[in-house]
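> Residue numbers (this note's numbering), protein chains in the order written: chain V, 1023 to 1311; chain X, 3 to 114.
For the record, the hints were derived by calculation from the structure and aren't laboratory data.
Virtual Cβ for every residue (Gly too), placed ideally from N, Cα, C.
Treat the hints loosely; a few may be bogus.
To be verified - Residues on chain V that point at chain X, a partial pick, calculated with CB under 8 Å:
(1) L1049
(2) R1052
(3) T1073
(4) K1095
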Amino acid sequence: VTYAIILGIMAAILGVKAYTLFSIGHLEKRLHDLKLDEEDVTAKIDALDSTRTNLERDQKDVLSEVNKLDIQKDQLVLGVQKFGATPVEEPSLDPPIAAVSVTVARSDASGGGASLEAYPEVPEDVEIADEAVGEESGEPETPVDDAGTEDARPHVLIVDDNGDLRDLLSESFSEDYLVDRAADGLEALNYILKEKRRYDAIITDLNMPNLDGLTFLANVPAGMRVIVMSAYLDRPEFEAAATHERVFCTIEKPFKLATIREAVIRLVAENPKPVEVEEISGPSEQPSS
Amino acid sequence: VSLALLGGVVLCSLLFIVYTLVRYFETISPLNQAIPDLRIATEAKHVRLVEYYQRIEELKVEIPRSEVRLGRLEKWIELLTKQHAGLQDQEIEKQRAKLEKGNSGKTGGPPS
Chain V
1023 VTYAIILGIM AAILGVKAYT LFSIGHLEKR LHDLKLDEED VTAKIDALDS
1073 TRTNLERDQK DVLSEVNKLD IQKDQLVLGV QKFGATPVEE PSLDPPIAAV
1123 SVTVARSDAS GGGASLEAYP EVPEDVEIAD EAVGEESGEP ETPVDDAGTE
1173 DARPHVLIVD DNGDLRDLLS ESFSEDYLVD RAADGLEALN YILKEKRRYD
1223 AIITDLNMPN LDGLTFLANV PAGMRVIVMS AYLDRPEFEA AATHERVFCT
1273 IEKPFKLATI REAVIRLVAE NPKPVEVEEI SGPSEQPSS
Chain X
3 VSLALLGGVV LCSLLFIVYT LVRYFETISP LNQAIPDLRI ATEAKHVRLV
53 EYYQRIEELK VEIPRSEVRL GRLEKWIELL TKQHAGLQDQ EIEKQRAKLE
103 KGNSGKTGGP PS
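Please work from the sequences and hints to get the whole structure.
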């Protein structure tokens, strides 16, 4: 009996020892895996950081060149005006700014962040095309409507004072949607109220000259829904816009094209056909804050 | 004798088990602390990775646009320079014509 008890105790001791060893080994393995993950992410960050630095340097160079030329252009315009003549207008888009097309294949913008697979490397398929594209080569600010013919595609209005972003979004949507562009709320309201255009989706910025996004929202007729984009989520006007009844959703800048495309697709799918705007009206309501 | 042996074994076993458990908790305590720290650090790096990725995407669009703008400005400046030069030439011609007219008025002869 004594020997049996002793053997039992020995077995128990071995069991405890085995359990502790296994448990420690398991934890060490997890730690090791996490360290590998971290090193992997760090390596990716380093690679992206160097790419980003190079690109930012390139952009800085180009922008400084643009600024220099802008100054030179202003001097020439003044020189021409001194002679009492009207300076020549800016040449038409050749190559057109609006023709710069961007294709972003990656769509997992809202990845959870827990696994490395959620954040693959920068895709190689971001293409910048310089060719002119059909109707965009004319006046950039005119709506992309097809010569008075009824088009079944949903109608989208993009309102932003940033011309580059306007062009980018317009280019991104123009294949599947009829796109109108406005540089501020006033121009947008002109389309909606005076020209009585109907939109299945409106994308607007908040901070714009002449008429800001919040005032624009207050004038958007019933039946039209708006996607608000802004870089200043902490500002009170963003909070006011986010709770406005015309607002479908809000998107933080910078955003991925896939994100805004998805939002527009959802809005067009959910939004009932917009009603005809009957008359030009003043502010229809105050934004709720 | 057997009981004494058994007592010794039990005592030693208990001591060994206590020792093993103490060592075990000493070992896993820093490991348990390190794992969440490392996870948080890794997730923060993921966030940074996404930010870098987004910035690179933006730059890949912004740079060609700035280059297009640059090209347009160059073209515009070329046109403005031509216009400016043409206006200057016209002004010089005008001045010259005026001067010649004045000279011919003084001499009384027909303008050349």
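> With reference to the structure, classify each hint as holding or not holding.
Now the hints, each set against the structure:
Using the Cβ-Cβ criterion of 8 Å, the hint placing L1049(V) at the interface with chain X is satisfied: the shortest such distance is roughly 4 Å. Proximity of R1052(V) to chain X holds as hinted, the smallest CB-CB distance being about 6 Å (cut-off 8 Å). This hint holds: T1073(V) has a C-beta 6 Å from the nearest C-beta of chain X, less than the 8 Å allowed. Interface hint at K1095(V): satisfied, since its Cβ lies 5 Å from the closest Cβ of chain X, which is below the 8 Å cut-off.
Violated hints for the displayed structure: none, as all numbered hints are satisfied.
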